[in-house]
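Visitor: Listed below, chain by chain, are the residues.
2 protein chains.
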Amino acid sequence: MSTSFEQVTTGAIHGSSKAHVDGPDGIRVPIRRIALSNGEHHDVYDTSGPYTDDDARIDLRAGLPALRAGWAGDRREHVTQLASAKAGEITPEMRFVAVREGCAAELVRDEVARGRAVIPVNVNHPESEPMIIGKRFLTKVNANIGNSAVTSSVEEEVDKMVWAIRWGADTVMDLSTGRNIHGTRERILRNSPVPIGTVPIYQALEKVGSDPAELSWELYRDTVIEQCEQGVDYMTVHAGVLLRYVPLTAKRLTGIVSRGGSIMAAWCLAHHAESFLYTHFSELCEILRRYDVTFSLGDGLRPGSISDANDTAQLAELETLGELTRIARAHDVQVMIEGPGHVPMDKIVENVRLEEQWCDEAPFYTLGPLTTDIAPGYDHITSGIGAARIAEAGTAMLCYVTPKEHLGLPNRDDVKTGVITYKIAAHAADLAKGHPHAQKRDDALSQARFEFRWRDQFALSLDPDTAQAFHDETLPAEPAKTAHFCSMCGPRFCSMKITQDVRDYAEANGLTSVEAIEAGMAEKSGEFRDEGGRVDLPISGS
Amino acid sequence: MSTSFEQVTTGAIHGSSKAHVDGPDGIRVPIRRIALSNGEHHDVYDTSGPYTDDDARIDLRAGLPALRAGWAGDRREHVTQLASAKAGEITPEMRFVAVREGCAAELVRDEVARGRAVIPVNVNHPESEPMIIGKRFLTKVNANIGNSAVTSSVEEEVDKMVWAIRWGADTVMDLSTGRNIHGTRERILRNSPVPIGTVPIYQALEKVGSDPAELSWELYRDTVIEQCEQGVDYMTVHAGVLLRYVPLTAKRLTGIVSRGGSIMAAWCLAHHAESFLYTHFSELCEILRRYDVTFSLGDGLRPGSISDANDTAQLAELETLGELTRIARAHDVQVMIEGPGHVPMDKIVENVRLEEQWCDEAPFYTLGPLTTDIAPGYDHITSGIGAARIAEAGTAMLCYVTPKEHLGLPNRDDVKTGVITYKIAAHAADLAKGHPHAQKRDDALSQARFEFRWRDQFALSLDPDTAQAFHDETLPAEPAKTAHFCSMCGPRFCSMKITQDVRDYAEANGLTSVEAIEAGMAEKSGEFRDEGGRVDLPISGS
Chain A
1 MSTSFEQVTT GAIHGSSKAH VDGPDGIRVP IRRIALSNGE HHDVYDTSGP YTDDDARIDL
61 RAGLPALRAG WAGDRREHVT QLASAKAGEI TPEMRFVAVR EGCAAELVRD EVARGRAVIP
121 VNVNHPESEP MIIGKRFLTK VNANIGNSAV TSSVEEEVDK MVWAIRWGAD TVMDLSTGRN
181 IHGTRERILR NSPVPIGTVP IYQALEKVGS DPAELSWELY RDTVIEQCEQ GVDYMTVHAG
241 VLLRYVPLTA KRLTGIVSRG GSIMAAWCLA HHAESFLYTH FSELCEILRR YDVTFSLGDG
301 LRPGSISDAN DTAQLAELET LGELTRIARA HDVQVMIEGP GHVPMDKIVE NVRLEEQWCD
361 EAPFYTLGPL TTDIAPGYDH ITSGIGAARI AEAGTAMLCY VTPKEHLGLP NRDDVKTGVI
421 TYKIAAHAAD LAKGHPHAQK RDDALSQARF EFRWRDQFAL SLDPDTAQAF HDETLPAEPA
481 KTAHFCSMCG PRFCSMKITQ DVRDYAEANG LTSVEAIEAG MAEKSGEFRD EGGRVDLPIS
541 GS
Chain B
1 MSTSFEQVTT GAIHGSSKAH VDGPDGIRVP IRRIALSNGE HHDVYDTSGP YTDDDARIDL
61 RAGLPALRAG WAGDRREHVT QLASAKAGEI TPEMRFVAVR EGCAAELVRD EVARGRAVIP
121 VNVNHPESEP MIIGKRFLTK VNANIGNSAV TSSVEEEVDK MVWAIRWGAD TVMDLSTGRN
181 IHGTRERILR NSPVPIGTVP IYQALEKVGS DPAELSWELY RDTVIEQCEQ GVDYMTVHAG
241 VLLRYVPLTA KRLTGIVSRG GSIMAAWCLA HHAESFLYTH FSELCEILRR YDVTFSLGDG
301 LRPGSISDAN DTAQLAELET LGELTRIARA HDVQVMIEGP GHVPMDKIVE NVRLEEQWCD
361 EAPFYTLGPL TTDIAPGYDH ITSGIGAARI AEAGTAMLCY VTPKEHLGLP NRDDVKTGVI
421 TYKIAAHAAD LAKGHPHAQK RDDALSQARF EFRWRDQFAL SLDPDTAQAF HDETLPAEPA
481 KTAHFCSMCG PRFCSMKITQ DVRDYAEANG LTSVEAIEAG MAEKSGEFRD EGGRVDLPIS
541 GS
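Here the protein sequences come in this chain order: A and B.
Residues 1 to 542, numbered by the UniProt record's numbering, are exactly what the first sequence covers, in order.
Residues 1 to 542, numbered by the UniProt record's numbering, are exactly what the second sequence covers, in order.
Please note that a few of the clues may not be correct.
Because identical chains cannot be distinguished in the list, a pair is counted as satisfied if it fits within a single copy or across any two copies.
In silico BS3-like links for lysine-lysine, alpha-carbon gap of 27 Å or less [claimed, not checked]:
#, residue 1, residue 2
1, Lys347, Lys433
2, Lys347, Lys18
3, Lys440, Lys347
4, Lys440, Lys251
5, Lys440, Lys481
6, Lys251, Lys433
7, Lys481, Lys251
8, Lys251, Lys18
9, Lys481, Lys86
Please keep in mind that the hints were generated in silico from the structure rather than gathered at the bench.
Put together the whole structure using the sequences plus the hints.
Guide: See below:
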């Protein structure tokens, strides 16, 4: 392996190993198996691909194996997942997804057929492990990577992709705008087990020397075809930025903050013509249909500040995205809708309701939203708050925001912090929505915590490395991993311990129901004291 | 100054300076003044005390000046703020608070009188700058500090207090359980400009060698009096943990996780007697009344995991806290109610509604809540999500959670991260609640961002140091501070820039209304192109 790729991280995540669940028709779905000290194990959804499989051989020059080679063979008539679903067919991708989500394949098919879920799988990206985006399924997280004219290299971006999926990113967008866009994307696609999204207008703009007035439908179309051929799974298209909406942004506090949105606004103004993305939208649908590329209809007029949230420009564009959704679906092309941006908490739910109403429940894919503008350096948190809220309300996929948002390009650490923050938001939303499998992991971790199985607690965490490092900072010695206390309260102040004492006492004395306990306590309390009912307590707060 | 106190941080926060607003009757309320590069300034609420005043002389051995010396002189008849408010009197503390919050003093008085807000000011803590906790006012943040038997010193804890209020903590709780509890508290109180809270049962337990069975009302009472004399402003009292509620926790996944709750549960079991905190509650009220110490009625049975949220044990205790609230108020003692804990998002709002209904709208003071159990190492985030949600619903003060929660004692960096995270949650809630002053800072920062006033953007941030450091990581050179781009997109890809071009173009051509713009654009678009309508774009996402 060449030295330039040395930095890609491989190997199992601490405390777990790669395993596979066998589905029908020879389908093998990867999972991450966490071994617990009590002999049990806990399986979790796994996005990390072969990189965390100790048995896999990774060669970044050769790329990943073509997992889905031949899968499309039996559906030449209905090339897209949407067309198949409409025809009542359950594709291999749907079966894979059903095993992965722990649901019936019929549910997958029905949600895809009605457009409420998408399976982004370009026929030219056979390396990908199929996944589904829709509000009936686990909430997904996207990580943005990509170099700019100012900084970073192909190798760094591939490393960020592998790093992002290690920590749970379900899809990755390559937003490169610098040199070697094609080569960077090729390297990412061939090595990515997750769907890759792009914004083709970035590359188109590079081709015309960054002058938006020089853009044309033909140049854009050729760029899209180039990317479809490479295997891009979904594409952001800002086809809702109409000429008549541009003036609606003039009085905004922060105008147009979407790159794609501002490129198209500039083009519309320069030509005083309607956006070529809008006027040629049906042709675009035909191209995407041939490869089963999914539309991610971009919100080019999303608010860039609390002040501009839910304004006329934003909502006008959203309504147009609904119109485009219906056109795309008529062409059997899958559609997601992108959402804001910067939105105060009280205006978040309205975004979901309007999107569902106007865009016929197409999966909503939102950036944050950031719930305040005042914390640059912490926008993973300002937006994590909004992300959890909007996902609870029905958003299907969350685009992460890193601590560097508004300030600089994310490095490796920022990518991890962004992904973990958004995994938290997504999982909190899944719990709130009552997803049938979500709470199992919380219960497993809390039980490990209560029973002082420190290693299990670390292994069940979203980030075992950090959990253990924080613990070891104050209590590094090996015995502390099995100690019945932590550094916060010390050995004599642990509430977990006293609770266990109370419980043991109740069980030993047959006090297994509330009534029995109440009846028995008068008699038994003396014993409890005699046995040394000593309190030693925990964890936090008061 | 002795070397042991060298680590206390003094000096103005980057980009700002201490100023004062003059109120009636010679009251001077401290604020933080952020100077902007356009000659304007932006004032923000300031919790940091004299430590950020470049003109102040700090001597930790002597303590802070007694700001409120003599203020109680004119209300001997009504010693507590609640008694004064009920009598229709506006105290100096209420006037101070009104200036600080930017509202009418009558509103402050009325909210205190009906028990919906509290002003925690022990008559023996004259160093404190009065503040108010209530849902009609800015959402407040508490930071917990305190050493344990395992780690940390008096000096470290004083430093953490000063550090926490520098970043915006409105109150600080000293949860020390190790040696020298009295001395640590004394040093903190004499140097604290914010209210200090404690949990007296911790010290009481130390006095009996950590054996809860040895606790007694008399010992507890004497400990409370000792702390009242020192100047503690509010005290957590777990008087709602009744004997009959203890069995309700036996079947929980994580039992009792509150230290105070488990101490009292152990005492009740050992003696098979009703909690002495409950049976002696009226006597306790009389003690607190004499010093105007505020009750923070503790939720000793709060859930320690998602599984245990909103269960019978938790809600039974909450109802008892309501009963105790009415007793305390009858004694003219101010009351807050503490809340959970670990709660999934869909069960958060119910906590606020029940608290308001059962506890007559006493200010709710919640720990998080954590919205999932699966992310130790990131519990500032799991709980920041819940904190924003519960504050939007009406919680008046949020108790922070640091990244070390469940894993170890927070260090200085953790304290800062916890405080900033909770300032974000509090501010996001204030925006969502439509607080009349909240959005000004968002607008000021977003305008600075849009106009590429990088230094102003840093200065207006919750954490100017981190914002600037992140920016400088990729673009350290001095000219980048005034550059019209950032490292994410580079000079030719900035949407802020194109938006400004669109706006300038519109203004130059008299296109100042939507109609005028629409009418004029056909004619003008040629010009825009001729003038080089070049796009250079931004910031994030797509």
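Visitor: Run every hint past the structure and note whether it holds.
Guide: Do the hints match the structure? See the list:
1. Lys347 <-> Lys433: This pair counts as both: shortest intra-copy Cα distance 19 Å, inter-copy 11 Å.
2. Lys347 <-> Lys18: Answer is neither: 42 Å inside a copy and 35 Å across each miss the 27 Å cutoff.
3. Lys440 <-> Lys347: between (32 Å within a copy, 18 Å between copies)
4. Lys440 <-> Lys251: between (49 Å within a copy, 17 Å between copies)
5. Lys440 <-> Lys481: within (23 Å within a copy, 49 Å between copies)
6. Lys251 <-> Lys433: Between. Shortest inter-copy distance 25 Å satisfies the 27 Å Cα cut-off; intra-copy 38 Å does not.
7. Lys481 <-> Lys251: between (59 Å within a copy, 26 Å between copies)
8. Lys251 <-> Lys18: For Lys251 and Lys18, the Cα distance exceeds 27 Å both inside one copy (53 Å) and across copies (34 Å).
9. Lys481 <-> Lys86: neither (54 Å within a copy, 55 Å between copies)
The earlier numbered hints that this structure contradicts are 2, 8, 9.
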